[in-house]
Amino acid sequence: MPNWMDAEASKKRLEENKNKGKVQGKVQDTFKLFGGESNDDAGAKIGVNALLWRATLDTISFMPLDNADPFGGIITTEWYIDPSNQNERFKITVYILDTRLRADAVKVSIFRQIKENGEWVNTSVNKDTAQKLENQILTSARIMRQSRVN
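Residue numbers for the sequence shown follow this note's numbering, so the first one is 1222 and each next one is one higher.
Wrong hints could be hidden among the right ones.
[As the list claims (entries may be wrong)] Derived pair list, reagent style BS3-like, types lysine-lysine, alpha-carbon separation capped at 27 Å: (1) Lys1348 / Lys1328; (2) Lys1312 / Lys1336; (3) Lys1348 / Lys1312.
It should be emphasised that the hints constitute simulated quantities derived from the structure, not laboratory data.
Turn these sequences into a full structure, and let the hints steer you where they fit.
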(Lines of atoms letter the chains of each structure in order from A and count residues from 1; the text may use other names and numbers.)
(Lines give C-alpha, C1' and ligand atoms only; values in the text may rest on other atoms or scores of the structure.)
Protein backbone atom coordinates (compact mmCIF):
# COMPACT_ATOMS: atom_id res chain seq x y z
CA MET A 1 0.00 0.00 0.00
CA PRO A 2 1.37 3.44 -0.87
CA ASN A 3 2.48 5.52 2.11
CA TRP A 4 -0.04 8.28 1.41
CA MET A 5 -2.90 5.76 1.82
CA ASP A 6 -1.57 4.27 5.09
CA ALA A 7 -3.68 5.45 8.05
CA GLU A 8 -0.78 5.49 10.52
CA ALA A 9 1.45 7.48 8.16
CA SER A 10 -1.44 9.85 7.53
CA LYS A 11 -1.93 10.41 11.27
CA LYS A 12 1.79 11.05 11.70
CA ARG A 13 1.81 13.53 8.79
CA LEU A 14 -1.25 15.27 10.25
CA GLU A 15 0.49 15.61 13.63
CA GLU A 16 3.66 16.96 11.99
CA ASN A 17 1.69 19.48 9.94
CA LYS A 18 -0.69 20.44 12.74
CA ASN A 19 0.44 24.04 13.00
CA LYS A 20 1.40 24.63 9.36
CA GLY A 21 -2.09 25.53 8.17
CA LYS A 22 -3.07 27.77 11.05
CA VAL A 23 -3.78 31.42 10.46
CA GLN A 24 -0.93 33.66 11.57
CA GLY A 25 -1.27 37.19 12.89
CA LYS A 26 -4.34 39.16 13.93
CA VAL A 27 -7.91 38.81 12.73
CA GLN A 28 -7.57 42.02 10.74
CA ASP A 29 -4.77 40.44 8.71
CA THR A 30 -7.21 38.11 6.92
CA PHE A 31 -8.18 41.15 4.85
CA LYS A 32 -4.87 40.64 3.01
CA LEU A 33 -6.21 37.41 1.56
CA PHE A 34 -8.70 39.43 -0.44
CA GLY A 35 -6.34 42.09 -1.76
CA GLY A 36 -6.75 44.62 1.01
CA GLU A 37 -4.05 46.76 2.56
CA SER A 38 -1.10 44.89 3.98
CA ASN A 39 1.22 45.53 6.89
CA ASP A 40 4.33 43.88 8.28
CA ASP A 41 2.50 40.99 9.99
CA ALA A 42 2.64 37.50 8.49
CA GLY A 43 -1.06 37.34 7.59
CA ALA A 44 -2.84 34.11 6.69
CA LYS A 45 -0.80 31.38 5.04
CA ILE A 46 -1.74 28.20 3.23
CA GLY A 47 -0.32 24.89 4.45
CA VAL A 48 1.08 23.72 1.11
CA ASN A 49 3.62 24.85 -1.47
CA ALA A 50 2.07 27.85 -3.23
CA LEU A 51 3.81 27.09 -6.53
CA LEU A 52 2.49 23.51 -6.58
CA TRP A 53 -0.96 24.80 -5.66
CA ARG A 54 -1.01 27.35 -8.50
CA ALA A 55 0.53 24.90 -10.99
CA THR A 56 -2.09 22.29 -10.11
CA LEU A 57 -4.98 24.72 -10.58
CA ASP A 58 -3.51 25.87 -13.90
CA THR A 59 -2.89 22.31 -15.13
CA ILE A 60 -6.40 21.04 -14.42
CA SER A 61 -8.17 24.32 -15.23
CA PHE A 62 -10.03 22.70 -18.14
CA MET A 63 -11.98 20.58 -15.63
CA PRO A 64 -14.71 21.92 -13.32
CA LEU A 65 -13.53 22.13 -9.70
CA ASP A 66 -15.45 20.32 -6.97
CA ASN A 67 -13.29 21.25 -3.98
CA ALA A 68 -10.04 23.14 -3.39
CA ASP A 69 -8.72 23.06 0.18
CA PRO A 70 -5.45 25.03 0.47
CA PHE A 71 -5.03 24.14 4.16
CA GLY A 72 -5.38 20.40 3.60
CA GLY A 73 -3.70 20.45 0.19
CA ILE A 74 -6.46 18.62 -1.67
CA ILE A 75 -7.99 19.61 -5.00
CA THR A 76 -10.82 17.56 -6.50
CA THR A 77 -12.61 18.02 -9.78
CA GLU A 78 -16.11 17.20 -10.90
CA TRP A 79 -16.53 14.53 -13.55
CA TYR A 80 -15.28 15.80 -16.91
CA ILE A 81 -16.64 14.52 -20.21
CA ASP A 82 -14.52 15.24 -23.27
CA PRO A 83 -16.82 16.69 -25.96
CA SER A 84 -15.20 14.41 -28.54
CA ASN A 85 -16.02 11.25 -26.53
CA GLN A 86 -19.34 11.45 -24.67
CA ASN A 87 -19.06 7.84 -23.42
CA GLU A 88 -16.04 8.40 -21.17
CA ARG A 89 -15.51 10.69 -18.19
CA PHE A 90 -12.68 11.47 -15.77
CA LYS A 91 -12.34 12.83 -12.25
CA ILE A 92 -9.05 13.94 -10.67
CA THR A 93 -7.91 14.32 -7.07
CA VAL A 94 -4.58 16.03 -6.41
CA TYR A 95 -2.86 15.85 -3.03
CA ILE A 96 -0.17 18.41 -2.28
CA LEU A 97 1.80 16.81 0.53
CA ASP A 98 4.53 19.29 1.43
CA THR A 99 5.35 22.97 1.74
CA ARG A 100 8.49 22.44 -0.32
CA LEU A 101 8.71 22.08 -4.09
CA ARG A 102 9.75 18.44 -4.31
CA ALA A 103 8.96 15.59 -6.68
CA ASP A 104 7.24 13.62 -3.91
CA ALA A 105 5.14 16.60 -2.78
CA VAL A 106 2.34 15.97 -5.29
CA LYS A 107 0.19 12.86 -5.72
CA VAL A 108 -2.48 12.51 -8.41
CA SER A 109 -5.36 10.04 -8.46
CA ILE A 110 -7.38 9.73 -11.65
CA PHE A 111 -10.75 8.02 -11.87
CA ARG A 112 -12.28 6.92 -15.16
CA GLN A 113 -15.75 5.74 -16.07
CA ILE A 114 -17.23 4.57 -19.34
CA LYS A 115 -20.89 4.47 -20.29
CA GLU A 116 -22.26 0.97 -20.84
CA ASN A 117 -25.97 0.52 -21.56
CA GLY A 118 -26.70 4.02 -20.28
CA GLU A 119 -24.89 3.49 -16.94
CA TRP A 120 -21.50 4.82 -15.85
CA VAL A 121 -19.12 1.99 -14.95
CA ASN A 122 -15.73 2.34 -13.24
CA THR A 123 -12.78 1.26 -15.33
CA SER A 124 -9.01 1.35 -15.02
CA VAL A 125 -6.76 4.24 -15.95
CA ASN A 126 -3.38 3.79 -17.60
CA LYS A 127 -0.82 3.89 -14.75
CA ASP A 128 1.34 6.36 -16.66
CA THR A 129 -1.47 8.93 -16.87
CA ALA A 130 -1.28 10.01 -13.21
CA GLN A 131 2.52 10.10 -13.35
CA LYS A 132 2.44 12.26 -16.48
CA LEU A 133 0.02 14.69 -14.81
CA GLU A 134 2.23 14.84 -11.70
CA ASN A 135 5.24 15.61 -13.90
CA GLN A 136 3.31 18.30 -15.75
CA ILE A 137 2.35 19.97 -12.45
CA LEU A 138 5.94 19.79 -11.17
CA THR A 139 7.33 21.21 -14.42
CA SER A 140 4.84 24.07 -14.34
CA ALA A 141 5.72 24.85 -10.70
CA ARG A 142 9.44 24.83 -11.50
CA ILE A 143 8.89 27.21 -14.42
CA MET A 144 6.91 29.53 -12.12
CA ARG A 145 9.71 29.45 -9.55
CA GLN A 146 12.34 30.15 -12.21
CA SER A 147 10.38 33.08 -13.64
CA ARG A 148 10.03 34.50 -10.12
CA VAL A 149 13.80 34.32 -9.61
CA ASN A 150 14.59 36.05 -12.93
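Quick one: which hint numbers does this structure break? Sort them smallest to largest.
Nothing - there is no hint that the structure violates, so all of them hold.
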